[in-house]
Each structure stands twice: as C-alpha cells, then as structure tokens.
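Colleague: Chain by chain, the residues:
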Amino acid sequence: MSSSSKQMLANRGAAQHHLTGGRWFREVGWRYIVAVVALVFAAFPIVFIIGVSFDPRGSTTASSILPSSISLSNYQTLLGGAKGPFLRWYLNTIIVCLLVTALQLACSALAAYAFSRLRFRGRRGGILLVLLIMMFPNFLAMTALYSMFTDLGTVFPAIRLSTLAGYILALMGGSLGQVWLIKGTLDSIPKSLDEAAIIDGASHFQVFRLILLPILVPIIATTAMLAFVGTISEFMIGSLFLVDNDTKTLAVGLYGLLQGDKSANYGVFAAGAVMVSVPVIILFQVLQRYIVGGATSGAVKG
Amino acid sequence: MSTPLLKSSSPVRVQPSPPPGAGDSFLNRNGSVLAIVIKIAVLGVVLALAIYAIPLLIHYQMWMWLVVMSLATVSLFVIYTTKHFIPAKYLYPGSVFLCIFLVIPIILTVQYSMTNFGDGARGSKAETIESIVANSIKPSADSPFYNLAVAVESAGMVDSGPYTLFLTATGVTDPPVLFGVDGGEVATWTGEPATVTDGQVTGVPGYVLLTRPQINQQMAQISAIAVKVPGDDQAGIRIQGFQAYEGSASISYDAQQDALIDHATNPATVYPNQKIGDAYCFVDQAKGQCFQAQSWLQNVGAANYQRLLGDSGVRNQFLAAFGWTLIFAFGNVLICFLAGFLLAVTLNDDRIKGKKLWRSFLLLPYAVPALISLLMWSQFFNRDFGLVNRIFGANLDWLGDPTLAKVAIFIVQLWMGFPYMFIVCTGALQSIPSDVKEAARIDGASGIATTFRIILPLLLIAVAPLLVSSFAFNFNNFNAIKLLTDGGPSIPGQFLRGSTDILISMVYKRAFGGSGTELGFASAMSVLLFIITGVLAAAQFRLTKRLETIA
Chain A
121 MSSSSKQMLA NRGAAQHHLT GGRWFREVGW RYIVAVVALV FAAFPIVFII
171 GVSFDPRGST TASSILPSSI SLSNYQTLLG GAKGPFLRWY LNTIIVCLLV
221 TALQLACSAL AAYAFSRLRF RGRRGGILLV LLIMMFPNFL AMTALYSMFT
271 DLGTVFPAIR LSTLAGYILA LMGGSLGQVW LIKGTLDSIP KSLDEAAIID
321 GASHFQVFRL ILLPILVPII ATTAMLAFVG TISEFMIGSL FLVDNDTKTL
371 AVGLYGLLQG DKSANYGVFA AGAVMVSVPV IILFQVLQRY IVGGATSGAV
421 KG
Chain B
395 MSTPLLKSSS PVRVQPSPPP GAGDSFLNRN GSVLAIVIKI AVLGVVLALA
445 IYAIPLLIHY QMWMWLVVMS LATVSLFVIY TTKHFIPAKY LYPGSVFLCI
495 FLVIPIILTV QYSMTNFGDG ARGSKAETIE SIVANSIKPS ADSPFYNLAV
545 AVESAGMVDS GPYTLFLTAT GVTDPPVLFG VDGGEVATWT GEPATVTDGQ
595 VTGVPGYVLL TRPQINQQMA QISAIAVKVP GDDQAGIRIQ GFQAYEGSAS
645 ISYDAQQDAL IDHATNPATV YPNQKIGDAY CFVDQAKGQC FQAQSWLQNV
695 GAANYQRLLG DSGVRNQFLA AFGWTLIFAF GNVLICFLAG FLLAVTLNDD
745 RIKGKKLWRS FLLLPYAVPA LISLLMWSQF FNRDFGLVNR IFGANLDWLG
795 DPTLAKVAIF IVQLWMGFPY MFIVCTGALQ SIPSDVKEAA RIDGASGIAT
845 TFRIILPLLL IAVAPLLVSS FAFNFNNFNA IKLLTDGGPS IPGQFLRGST
895 DILISMVYKR AFGGSGTELG FASAMSVLLF IITGVLAAAQ FRLTKRLETI
945 A
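Chains as they are written, first to last, in this note's numbering: chain A, 121 to 422; chain B, 395 to 945.
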C-alpha cells in the first residue's frame, strides 16, 4: 500500500472522529448549543424555585436572582403548620392518589380482560360505548357532581362534600380510564396461553390472576405512575369538594396558600413545591424507561 | 403441534405444572376459601349499606338514587352469587363507578340545563316559602331570649355543619336545656345531661361546641338557621348575635291566592306568584322583581339555551371563548410538537455524547406535577417580583394584559409540553429507516429540506394520533387556565368570560365563581361543551383508527 493511500485512510478516519473545528461545529457542535439552550429553559425554573425555597426572604425583594442566604426557614414554617396543615395535605394527597390509582387500575384491568378474552353478546358495542363515554371527563358535569354529592351526603354522611371519601368517589368517574391501553397489551398476548391453562383446569379468574396479570405488570406500572401523578394535579373537583383545611389535598391547599398572600407566601410555597416535586422527579428518573414506553403508546399525563 | 407459547422466545413461559403458590386450588374451579370469604364480606357490606340507605332515600324522596341503589345491589347479587354472567363479573366494578359518577352526572347536567337552578333558586317552592317566612321573624317586646350554644357532632364538621342549637332561657334560674336544628322543631334536650355554667350550655356529651370565634367565622351559615316552634306556624326561633329569641313571622303564605302576605305593612302587602323572565316567583309588584330575589327550582324549558344562542351579547362571548379555546388547544399542540420535533431531530445524531443524560435532564419539566408547574409559573409572571421580568429587566404586566397573558400561557405550555413531544418524536425518529435520509442527501437535498420535506411527513403519520389526543386533552385543560391566569384579565362589558377563559373555565366561573351563580345556565353551557367534546371525540376515533382495531 502506498503512503498516499495510507494518508487518505488516516484522513478519512480523522473526518469521522475528529472533524476540524468549523466542520465539526456545522455538523455536531450546534447541536450541543441547541441542547444547552433547551436544557437551560427546561431546568432553570426548577433550579430557581429550589433556590427560592432556601431563601429566608422568599427572594421576592432580593435584587439578585440567586438566594441572598441559605436557610431552612421556609421549610420550618411550612412543616410547622403556620400556613396550614401541610403534612396533612401531603398525607391526604397520597391517600387520594393511591386509592384512585388502585381502584382505577383494578376496574380497568378486570374490564380489559373481559373485553379481550371473553366472548359475549354486545362486546363490540360495549367497548365502543366505554370508549365514547370515557371521552367525556366527568368534571364537565361539575354542577351535577356538586349537587349530587350534596344530596348523597345527607344519606351517607361519610361521603358528603368536603370528605376525602366523597372526593375519591367523585374521581372514580374515570374508573375505566386505562381500559384501552391494558386491553391493547392483552390483545398482543397469544390466546393459546390461557387456553392451555383452561385445559389444565384453571378457572377464568385464575387465568386472569395467575397467568395474565404477571405479564401486564409493566403496562400497569406505567399507567399507575401516570394516573398517580395526574391525580396529584387534580384541582377542579378538589376545589369544589374540599373546603375544610384538614381534608384539602396539596393541589387545593397550595393554591389557597398562594391566593392568600402571594409575595409573603412565595418562599413557603416554593418549599412546598420542592417537597412535592422532588419525589415525583426521582420516580420519573427511575422509571424513565417505562414512562417513555407509555408516552409513545398514547398515555397522557394529567 | 407445538404452540408458539412453548417456544423459549415467547415473552412468557408457561410451566406445564400449576404456577407456584396456586397449590391445589389451581384445579379447583370454585376458588379458594379466602376468595369466598372476601366475596361474602363484600356482598354483606353492600347489602348492609342498601338496608341502611333505602329507608333514608325514601324519607328524603330521592327516587332516582333509590332506583340506582336497588339496581346496583340486585345486579351485584345476581352477578356474583351464580356461576353465570362471567363477563359481567369483570365488567361490574368499573361499570358501576362509570354509571354513577360519569353517566348520571351527565344526565343530571342535561336536566339542570332546563331549569333555573342557581342562587335564589335551589330548593322547592315549599322550602322557599318556609325560608322567606322564617326570615320575617322579628323579636317583639315580650319575646323570650335564650343563651345560645352552637354544636356539631364531630370536630371535622365545625366549618360545614349541620349545626345543632342548644338554648337556655335568659333570666331564669336553672333553665331547661332546649335544642333544635335548622328546619326542625325545638324540643327539650333529653339526651345525656348537658353541662350548664351560668345559664349557658358549655358541654354536651357526643357534641363539639363551637367557640365564639368559630361561631363568628360561620355566622352567615349559622344566622340563617330557623327552628320551628311546635303548635304555632308563624312562630320560630332565630339567632341574633350570640343569643337566640322566639319571635313571630310577619309574612304568611296564603295557599288560596298562592301568594305571600306581609302583615307588617298597613294595609298588608300581597306578593303574588307570577312569572318574571323565565321563572315564577313571588313578585314584589312595587319593584317589579322577585321578592328578596328568591325563587325556587323549576323547569324553564329551553330558556337557558335561548339565552345562550339567541341573545347576541351572550352568544358572541360564548363564540369568542370557543375561538380562543381552539387557538389555545391547537397552538399548544403546534408549539410543543415543533419544539419537541426540532429538538429530537437535533439530538438524534450518533456523534452526540451522553445522549441519555441529556434526555434525562430535558425530561425534567414533564416529571414535575402539572399543578406545581402552573402555580410556579404563575409566580414567575408576577409583575413586581416575577422571575421573567427580573431576568429581562422588564416591567411587563404579564397577567394583566390580554395579549401578554396569552403569550405567558403559551410559554408555560411550551415548557410543560415539549418534553412529551420530544420523547414521542425521538421514539418515532428511530423507526424511520436511515436510508431514507441517505437517499435524500444523495439526491442533493439540504439538511433542512430533508428534515421538513421527508422526515416530518413520515413522522407525522406515526404521531398524528398522539397529537389528536393531546389536542382533545388541552381543549378541556382547566388547570392550565385556572391556575395561571384564572381566565383574566377581565374584559369590560363581558360578564361571561375573561380574555383567557376557555370554555371549561368559563362554565366553572358561571357555576361557582363568586357572586350570582347560575347553575342552570352553566349546565346549558356544559351541555354545549359535551356536544363539542363529542364531535372532537368522533374526529379522534376516525383519526386514531381505534375503531378498526376493535376485533
């Protein structure tokens, strides 16, 4: 091999791995700039609010954007309950989100099994009907929900307005919200699997619980995660139902905090925002693989 | 013949033997003992609830709920105590919730939309008469006065009631303790003895007494309480400050004339039941309006719709809000998609280092709960101390100017929404074969032309269903408006909507926002919103081809 062809090969290698300055910038470098701009846009508000949460003055008067000094006073105020029972709101939110998510997924998974595996009259019509009804979020009927729970509350005081139980039930209008995604996954699992089990003597419920449910774990985890985070943000029905300070969720409580006195409560709100967001962000990072999968299959976060 | 599931490549391996943990019950079609116990427990609880509720539902004349409760209970027993109806066993839980908390509210909304339901028109005609009569009770010179204690059954009900009044006559030694609730008759307390200190009830077993500050806080609700006096239709007990008195009503109802008669004036004033506007009420003929602005719940036919679609002022506001809703939802999807797409194309290059790390950080806004994002940004746009003005050294009134408020909304939606589109587009880009790009480059297309003329159309096919779902979601994205701008700033001369109100937030304001709530009229708007949402849903069905995959 001649020296010139060696030289050519070496050049080509360099072109692939170490582009010269200008060309590198035109083909690759600008991508980093775009990425950095996007990153600043995405991350700066979050970094800033974390800063505010540690700024004893709430950063509303400071001339600089950076916190003037660092202290935990906002967290102390928040957790001390001076601005409302924050920990109670936190607990309420967890209770509501867990129960709503669990009930919603249980109802959806059971119905998805019937729609995917069992053959019965009106099945096609049933799926269509459920899909169509689920297109109407029940908060569109807020006037009716409100007076409905006023009425029901006189008979069942346990679920009257301003109780968590009533609020959770009101959110169960979305009980079949995940049926489509789960049915789609079930449809992709070969039927011969459950047929074999039935030949072995399994009942329909055993097929569902012991054979199909384990396979559905990834999709259930994804939808559960998105339903959970979506429920944290439920505000409309919450603002109508939860008027007692002790039964408020974070959504209603933090909104009230800001409405009370915007500038004075800014730092305390920031501390609350950090305490709500950080666990969710960590969860998202850990489960990123599933979330990405869920997003591309059509799951919409609330 | 070997079935595909026995191949090791299949996602699940089926063991020839029963799965571990199933034990013998795997072969037993009747299920385990535990399952039977749970089943009996659930059936028992539901039966107990029904037995508890049915007499009460009859007492309160809630016929619809009586039918719903009975149907739900009967079908529960029919479905789960027999071996038949296997599909129904799986569909029942979800369907019951769906029917009660989604279908029934929708039906009720349609019903309400044909009534005058709202402030001053909530109860029945009888309740309205009772309330007007009770409100006319005034103390006379010889009225007995009582020391008042207000109680609730548990501490959690302090803010909400229902309240029970405990009364002890003033100026009497060892007065008997009387009690009464709103609308009920006053009676002597015969429960566990109450503690009376200085002629004032200070403790009742099983009740929580409100402190004076608590009574002050709930004064509006508490001072509306009226307790009847047995044997005298015109007499009643009312509250004045921290005391109660027994007085006599100056207004009475005359069933023959169907009118209220006020005896306090001379001669007595008659308020006849007549129609004002769409609804009937007792008319104060001197003022030409409903007496005390009180009416009762009644059918008004299509009057709400006529007002919504016939009154040009109202119609124009509704249409303007509809137009902005479309712009809001479409604009959101467009800018989030464009940003997400361009970012995905930019970062979809093998020469970029640490792609996973970049992606993790760019996903951050998506991970923050929407509620927190919105509240956080509403602070950033504050004129005086908001982050946005401080960074750019500006003094813009973001949330006070109609145009700027809309810009602010789009900025926030971009921040919240671009990561989702970025993930979706990154996923879709990976499924576009690289030889497509290669071919375009050989044909001499520039990078930009390849991106927009070749990659974009291919990608759109894949993500179109998601864009449509996203549009439908944003169409009713109440939080995005309520938490950020609350629909503001308001527009002079427009009472229905603020400049950034979308349809759903407009309905909310009319139904629950501050003064003059009109639930019937708001329900009529809801029904129109149902129809619009339904049309969107139909479009979504067509575009996402969901129907074709229903086997």
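It should be emphasised that the hints constitute simulated quantities derived from the structure, not laboratory data. The structure displayed is predicted, hence computed values, not measured ones. Each hint should be verified, as a subset may be incorrect.
As the list claims (entries may be wrong) - Derived BS3-like pairs: lysine-lysine, alpha-carbon spacing no greater than 30 Å straight-line: (1) B/K433 <-> A/K311; (2) B/K532 <-> B/K622; (3) B/K669 <-> B/K519; (4) A/K311 <-> B/K622; (5) B/K433 <-> B/K477; (6) B/K477 <-> A/K311.
Colleague: Given the hint that A/K311 pairs with B/K622, does the C-alpha gap stay at or below 30 Å?
Modeller: violated (69 Å)
Colleague: What's the verdict on B/K477 and A/K311, does the C-alpha distance respect the 30 Å limit or exceed it?
Modeller: Answer holds: B/K477 to A/K311 is near 23 Å, not above 30 Å.
Colleague: Regarding the pair B/K433 and A/K311, is the alpha-carbon distance no greater than 30 Å?
Modeller: Holds. B/K433 to A/K311 sits at ~28 Å (cutoff 30 Å).
Colleague: Is the hinted pair B/K532 and B/K622 satisfied, with a Cα-Cα distance of at most 30 Å?
Modeller: holds (14 Å)
Colleague: Check whether the Cα positions of B/K669 and B/K519 lie no farther apart than 30 Å.
Modeller: Holds, because 14 Å separates the two Cα atoms, which is no more than 30 Å.
Colleague: Decide if the proposed pair is consistent with the structure: B/K433 and B/K477, CA atoms, cutoff 30 Å inclusive.
Modeller: Holds: B/K433 and B/K477 sit about 13 Å apart, inside 30 Å.
This entry does not satisfy hint 4, going by the numbered hints stated previously; all others are met.
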